[in-house]
Amino acid sequence: EPEVTQTPSHQVTQMGQEVILRCVPISNHLYFYWYRQILGQKVEFLVSFYNNEISEKSEIFDDQFSVERPDGSNFTLKIRSTKLEDSAMYFCASSELREGKQYFGPGTRLTVT
Amino acid sequence: KNEVEQSPQNLTAQEGEFITINCSYSVGISALHWLQQHPGGGIVSLFMLSSGKKKHGRLIATINIQEKHSSLHITASHPRDSAVYICAPRNTGNQFYFGTGTSLTVIP
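Here the protein sequences come in this chain order: Y and A. So the first sequence is numbered by our numbering: it starts at 1 and just counts up by one. So the second sequence is numbered by our numbering: it starts at 1 and just counts up by one.
Everything labelled a hint here was simulated from the structure, so no lab data went into it. Since the model is a prediction, treat every value here as computed from it, not as a measurement. There's no promise every hint is true.
To be verified - Once the Cα atoms are required to be at most 20 Å apart in a straight line, the calculated DMTMM-like pairs of lysine to aspartate or glutamate come out as: (1) A:LYS53 to Y:GLU99; (2) Y:LYS101 to Y:GLU1; (3) A:LYS54 to Y:GLU99; (4) Y:LYS42 to A:GLU67; (5) A:LYS55 to Y:GLU99; (6) Y:LYS57 to A:GLU3; (7) Y:LYS42 to A:GLU3; (8) A:LYS54 to Y:GLU96.
Said to hold, decoys possible - Take a look, some chain Y residues computed to stay more than 12 Å from chain A by CB distance: (9) GLN14; (10) MET15; (11) ILE20; (12) ARG22; (13) ASN28; (14) SER55; (15) GLN64; (16) SER66; (17) SER73; (18) SER95; (19) LEU97; (20) GLU99; (21) GLY100; (22) LYS101; (23) PRO106.
A virtual CB, placed ideally from N, CA and C, is assigned to each residue, including glycine.
Use the sequences and the hints to build the structure in full.
If you want it as structure tokens, here you go:
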């Protein structure tokens, strides 16, 4: 069965550094999402992306965050200047339809020191 | 404000029991997602529904849009069902709001 993949599985970075988290959605999917989960807390929606532009974004998704689909397969989340509070598990998801079931990647654990 | 409440927060069941997890939300929604998060952290989508009822194997999800309530049922529960079950309504702005989850443990 096709699956969403994410790299790296774990990223450690210093405060103030830029990080790029990568996702490869399922190939025929058109809708892409990023979520995060701070350790011990609930999952939070960050952003959705369709037709090469952001569809919706949450209050968390401020100017420090950006998303891009640089080619036909990758979907990236960039954090420009990481803060300690950005430490979390970041999940990418994709769906074929707007109202369709989402398929989640295994997550990237980001640790900011 | 988008509020999502799940009950119970924690649930322990004997293998074979019928399980119900409830989700209530505060604002109008276009759809609702039920997710399963495994102990290792991985997330699996179980259902996306906007009305009525859906069934997949031993899992059944129902939603009542007027009452702002959804339920997830597991029939003939099994230890492998042990996980955190998360309700995530999507508001009319197409943003998902997540509940804190129900931690289910099924004992053999």
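Status of each hint after checking the structure:
The suggested pairing of LYS53 of chain A with GLU99 of chain Y holds, with an alpha-carbon distance near 15 Å, which does not exceed 20 Å. For the hint pairing LYS101 of chain Y with GLU1 of chain Y, the CA-to-CA distance comes to about 14 Å; that is within 20 Å, so the pair holds. For the hint linking LYS54 of chain A to GLU99 of chain Y, the alpha-carbon distance of about 14 Å falls within 20 Å, and the restraint holds. Restraint check for LYS42 of chain Y and GLU67 of chain A: not satisfied, since their Cα atoms lie roughly 24 Å apart, outside the 20 Å limit.
Distance restraint check for LYS55 of chain A and GLU99 of chain Y: the Cα-Cα separation of roughly 17 Å lies within the 20 Å cut-off, and the hinted pair is therefore satisfied. For a cut-off of 20 Å, the pair hint linking LYS57 of chain Y to GLU3 of chain A stands: about 18 Å separates their Cα positions. With a C-alpha separation of about 13 Å, the suggested pairing of LYS42 of chain Y with GLU3 of chain A holds against the 20 Å cut-off. Of the pairs offered as hints, the one joining LYS54 of chain A and GLU96 of chain Y holds, with about 19 Å between alpha carbons and a cut-off of 20 Å not exceeded.
The claim that GLN14 of chain Y is not at the interface with chain A holds, since no C-beta of that chain comes within 12 Å of its own (minimum 24 Å). Remark: the non-interface label on MET15 of chain Y is consistent with the geometry, its nearest Cβ contact in chain A lying 24 Å away (cut-off 12 Å). Every C-beta of chain A lies more than 12 Å from that of ILE20 of chain Y, the closest at about 21 Å, which supports listing it as non-interface. Distance check for ARG22 of chain Y against chain A: the nearest CB is about 18 Å away, which clears 12 Å, and the non-interface claim stands.
Annotated as non-interface, ASN28 of chain Y keeps its C-beta farther than 12 Å from every C-beta of chain A; the closest such distance is 16 Å. At roughly 6 Å, the least C-beta separation between SER55 of chain Y and chain A is not larger than 12 Å, which violates its mark as non-interface. The Cβ of GLN64 of chain Y sits about 19 Å from the closest Cβ of chain A, beyond the 12 Å cut-off, so the non-interface label holds. Every CB of chain A lies more than 12 Å from the CB of SER66 of chain Y, the least distance being 18 Å, so the non-interface label holds.
Residue placement check: SER73 of chain Y keeps its beta carbon more than 12 Å from all beta carbons of chain A (closest about 21 Å). Not every C-beta of chain A lies more than 12 Å from that of SER95 of chain Y, the closest at about 8 Å, which undercuts listing it as non-interface. A cut-off of 12 Å between C-beta atoms contradicts the statement that LEU97 of chain Y is not in contact with chain A; the least separation is 9 Å. Taking the minimum C-beta to C-beta distance to chain A, about 6 Å, the non-interface status of GLU99 of chain Y is violated against the 12 Å cut.
For GLY100 of chain Y, the condition that its CB be more than 12 Å from all CB atoms of chain A is violated, with the nearest at approximately 7 Å. With a cut of 12 Å on Cβ distances, LYS101 of chain Y falls inside the contact zone with chain A, its closest approach being about 5 Å. With a least beta-carbon separation of about 6 Å from chain A, PRO106 of chain Y fails to lie farther than 12 Å from that chain, contradicting its non-interface assignment.
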